[in-house]
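Keeping the supplied structure of chain U fixed, place chain R upon it in accordance with the hints.
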Amino acid sequence: MFKFITRKLSYLMMKNEYKENNISEIIPSDSRLSSSLTENINTIKNILGQSSDIVFREFSFGLQNQMKAALVFIEGLSEQSLINETILKPFMYDISLKNMDSSLKNNIDIIEKSFLSVGNVKRTCLINDLIDSCLSGDTVLMIDGIPESILIYSKAWEGRGVEEPKTEAVVRGPREGFSENIAVNMSLIRRRIKSPDLIFKTLKIGSRTKTSVCIVYVKGIVNPKLIDEIYKRLNRINTDAILESGYIEQFIEDAPYSIFPTVGNTEKPDTSAAKILEGRACILVDGTPFALTVPMLFIEGFQSAEDYYTRPYFASLLRILRFTCFFISILSPATYVMLATFHQELIPTTLLFTMAAGREGVPFPAVIEAGLMMITFEILREAGVRLPRPVGQAVSIVGALVIGEAAVTAGLVGGLLVIVVALTAVSSFVLPAFTDVEGILRMFFLILAGSLGIFGVGLGTLFILAHVVSLRSFGTPYFAPLAPLTVKDLKDTFIRVPIWKMSTRPRTIGWHNMKRQNDNLKPEPPEDGQN
Amino acid sequence: MKKYIKIIFVITICIFIILNTASCKNAHELNRLAIVMGVAIDKSSDLNKIQTTVQVAKVSAIGKSSSNLGLSDISKSFINYKGNGYTLMEAITSINRKLNRRLFFPHNQIIIISKEAAEEGVGKYLDFFLRNRETRLLEWIVISDTDASKILDVKPDMESTTGRSIGELIKTEKDVTQVPTVDLKEFTQKLMSKSTSPVAAIVKIIKEDNKDMIMLTGTAVFNNDKMVGQLNKKESRGFLWGTGEMKGEIILVPEPKNKGMLSLQITKSSAKITPEIKGNKIYMNMKISEEGDVGEQTSNEDEANPDAFKEIQKSAEEAIKNEVMDALKKSKELNSDIFGFSDTIYQHYPKEWVKLESNWKQVYQDIIVNITVEAKLDRTGRITKPAMSKEK
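Residue numbers (our numbering), protein chains in the order written: chain U, 1 to 531; chain R, 1 to 392.
In short, the hints are calculated from the structure, not lab data. Just so you know, these numbers come straight off a predicted model, no measurement behind them. Even glycine gets a Cβ: it sits at the ideal position worked out from N, Cα and C. One should not assume that every hint holds.
[To be verified] Not close to chain U: a few residues of chain R, all C-beta gaps over 12 Å, as computed:
hint: 1; residue: S60
hint: 2; residue: E159
hint: 3; residue: E352
hint: 4; residue: L356
[Claimed, not checked] Computed spacing ranges between beta-carbons, pair by pair:
hint: 5; chain 1: R; residue 1: I8; chain 2: U; residue 2: R123; range: 56 to 64 Å
hint: 6; chain 1: R; residue 1: E168; chain 2: U; residue 2: G361; range: 26 to 34 Å
hint: 7; chain 1: U; residue 1: G411; chain 2: R; residue 2: I8; range: 37 to 45 Å
hint: 8; chain 1: R; residue 1: M1; chain 2: U; residue 2: G361; range: 47 to 55 Å
hint: 9; chain 1: R; residue 1: K332; chain 2: U; residue 2: I454; range: 26 to 34 Å
hint: 10; chain 1: U; residue 1: G411; chain 2: R; residue 2: L130; range: 35 to 43 Å
hint: 11; chain 1: R; residue 1: L130; chain 2: U; residue 2: G361; range: 35 to 43 Å
hint: 12; chain 1: U; residue 1: G411; chain 2: R; residue 2: D127; range: 39 to 47 Å
hint: 13; chain 1: U; residue 1: R175; chain 2: R; residue 2: R136; range: 56 to 64 Å
hint: 14; chain 1: U; residue 1: K488; chain 2: R; residue 2: D293; range: 48 to 56 Å
hint: 15; chain 1: U; residue 1: V171; chain 2: R; residue 2: L130; range: 31 to 39 Å
hint: 16; chain 1: R; residue 1: D153; chain 2: U; residue 2: F364; range: 34 to 42 Å
hint: 17; chain 1: U; residue 1: R311; chain 2: R; residue 2: R382; range: 38 to 46 Å
Next comes chain U alone, as it looks inside the complex (with noise of 0.2 Å):
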């Protein structure tokens, strides 16, 4: 018991002492810079001091150098080249700068009019907005008797540069992908949209982090409630981290507690900027390649970049295809099982016996079989997915041994399962937005059929249907164009029609202009005698 006090005791102590080192706490908002360089730095050596890597730079110019200015930066955040070429040197080199006289009030109108060959130049006399530039790579210019600073943009760090997208593999259409920085990742989609209507709002978000959050949008085409709707959203979250634009979907998504998204993700310019052309809006987020979109429709996770870039007959072929596969990744497992225990009379005769003769000796019940195998797949998938790829291969092959062969020829599982397993790992990637959401729903559904056969998959489509129909997101039927039916829609669902016969917007995404070209653009060769 005393032990217990003791240690309360030491914890209230140690929570107290951490209190008063938190920084960011202890510095007023309104602060202001004094016009005593000494004191400004002291001021900032106080609060960034701490860590290693800020470097203070000291200098002096002007007539016999009798004018004192620092440089704050972070090393690794700043252009070293931009700051010793376009800072430094015309200071130190340049013979007006050599010239001026301290006596001057307006001495920082003219170093940031006449010398800063630099592009983006601020000027600020808050310390808190200083402090916040500097630590994402600005270079701080203050000088002595001025009680303001400059904020010269050097934003310049390793990155990953602009490569193919992991997740979106395509065959015909562009590899770029985004990137991890968020101003690359602007200029991807403004380089495919090259419009004054395309709206770039950025916040930011998390009190620690201060991610960069940007909503892309085109003035004309979006819905300006929507706008207005994801500002609110985005204004209500109060926390400390955003690390991923994962943790933003969770904070404004529709239905928290749906296993189905109802905020889409993106890591194509090319497919955000299509969405945004749309009628949607695209929310970047620093730090990460995903962007999102809003609002997301139950069949965006059935269309995928290359459907519009490839001639209909085919895409639409495949949107059929994707359909199908939803239906076999969510569906076969279930249907084996049920047509196993409780409706052997559905299974034609001959493959009966082949049905039978697999599971002759086989010593689970067939829910119970089925399921362990695709626990089995999906243990295999994540450790595919999270292994180092040179072990990778080890796990791929130890698995296709131990589910393919082994299994079945120690008589653990019947061999028909194997099928269905592999055939249901298969389709659940054809559709990666919905990967996560079809192996919740496929254990849903072969529970319902091991206990209630096909009446319990009947009762759980139904729910899931009754379930999607319910939903929306940012405003829009979730389930649309389906469900309300709209019918002019219906020409990017299940099939997909040529390009030339688009010549509306989705009327369930942006009501407000409607019309995306002509609607006589059907190619035609010139009639006989003119030409």
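Relative to chain U, chain R alone:
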């Protein structure tokens, strides 16, 4: 929070209700089932009893044979169980006392009834198959010439079980019609109708190269549910013509000028029966139309001309008419209305039918049937005149 508790409570209750009414109770794992492939019904030596033989597929042997051993190991791929009882149900449940698995009927292919049993009436046997939820109405009904259980003992060559073998045999027969193929549904429909007589195929074991084989030989004719006689091959064909089920078979006709023979391949056939009552007399207008190709020609005469075609059509019509007449004659002999005249009369003359019904057996004998056959020869196959033909 209160709302959630209520919802969870309701869902739990629903789950309990569902689990108790419609669930695991009905579950039976595949490897706990004995899949019935054929049922044979005989009269037991004990007079009032029924002996039933149930053929159960031995799936483990079938699964193995298809993967490793080929079809050589077929002897072990089925087991026949026999049971006795006063009712069919009793006989079948008595089997369950020696079988460690549950008999599973939906995949049953055939019901074989021995001739002896069929002559006493099949109604009492079929009731089980009609009433039971697990059996299907698509089981074929065949009558065996010998003991029905012996048919199930014949080892099939192509299929794994005798039941399936006969089932497939009958399915093939549907395309190459020589014998009518009847399933439980059709049989029962005829049994339930006014006075149409059901028919069924007859199977027989024949010896070929010292090996037992099953063959469809003729048609069993019933009166109500009692078998009263048989149709031979020609009469069976006549019956099929009359019911419009003939297809895929051939007609043999003599060549018009020469001594050769022509085989006509039937491509289409249909029959329409319309009754006509004039005074006391009942006329049946049976209109049969047939279309066919020249399938084979034994002489070297060039028959590919309109005149010869007409001749051939005429003799084909004659041949068809002959066969139908034979079948009619036999049916009148057995006094069973196999063509379903009674039903057509009932449909066309419901008022008159009431008067005729009581005296139907006599009326049937007096019915006058006008048969008109329209045979059509369409094509001559890949060649027109025979290869040996020297005419230009």
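Each hint tested on the structure:
Its beta-carbon lying about 4 Å from the closest one in chain U, S60/R breaks the requirement of being farther than 12 Å from that chain. Listed as outside the interface, E159/R is inconsistent with that label: its C-beta sits roughly 10 Å from the nearest C-beta of chain U, within the 12 Å cut-off. The claim that E352/R is not at the interface with chain U holds, since no C-beta of that chain comes within 12 Å of its own (minimum 45 Å). In this structure L356/R is separated from chain U by more than 12 Å, as the shortest Cβ-Cβ distance comes to about 43 Å.
Checked against the hint of 56 to 64 Å, the pair I8/R and R123/U passes, with Cβ atoms roughly 60 Å apart. At roughly 28 Å, the beta carbons of E168/R and G361/U sit within the given window of 26 to 34 Å. Between G411/U and I8/R the beta carbon distance is about 41 Å. The supplied range of 37 to 45 Å therefore holds. Taken as a hint, the range 47 to 55 Å holds for the pair M1/R and G361/U, whose Cβ atoms sit roughly 51 Å apart.
Between K332/R and I454/U the CB atoms are about 51 Å apart, so this pair departs from the stated range of 26 to 34 Å. The beta-carbon spacing between G411/U and L130/R, approximately 40 Å, falls within the hinted interval of 35 to 43 Å. Hint check: L130/R to G361/U, Cβ distance near 36 Å, so the stated range 35 to 43 Å holds. A C-beta distance of roughly 42 Å is found between G411/U and D127/R, which places it inside the suggested range of 39 to 47 Å.
The beta-carbon spacing between R175/U and R136/R, approximately 57 Å, falls within the hinted interval of 56 to 64 Å. For the pair K488/U and D293/R, the supplied restraint of 48 to 56 Å holds, since their beta-carbon distance comes to about 53 Å. Take V171/U and L130/R: their Cβ atoms lie about 58 Å apart, and the range 31 to 39 Å is violated. Taking the beta carbon of each, D153/R and F364/U are about 36 Å apart, inside 34 to 42 Å as hinted.
A C-beta distance of roughly 42 Å is found between R311/U and R382/R, which places it inside the suggested range of 38 to 46 Å.
Consistency with the previously given hints fails for numbers 1, 2, 9, 15, ordered from lowest to highest.
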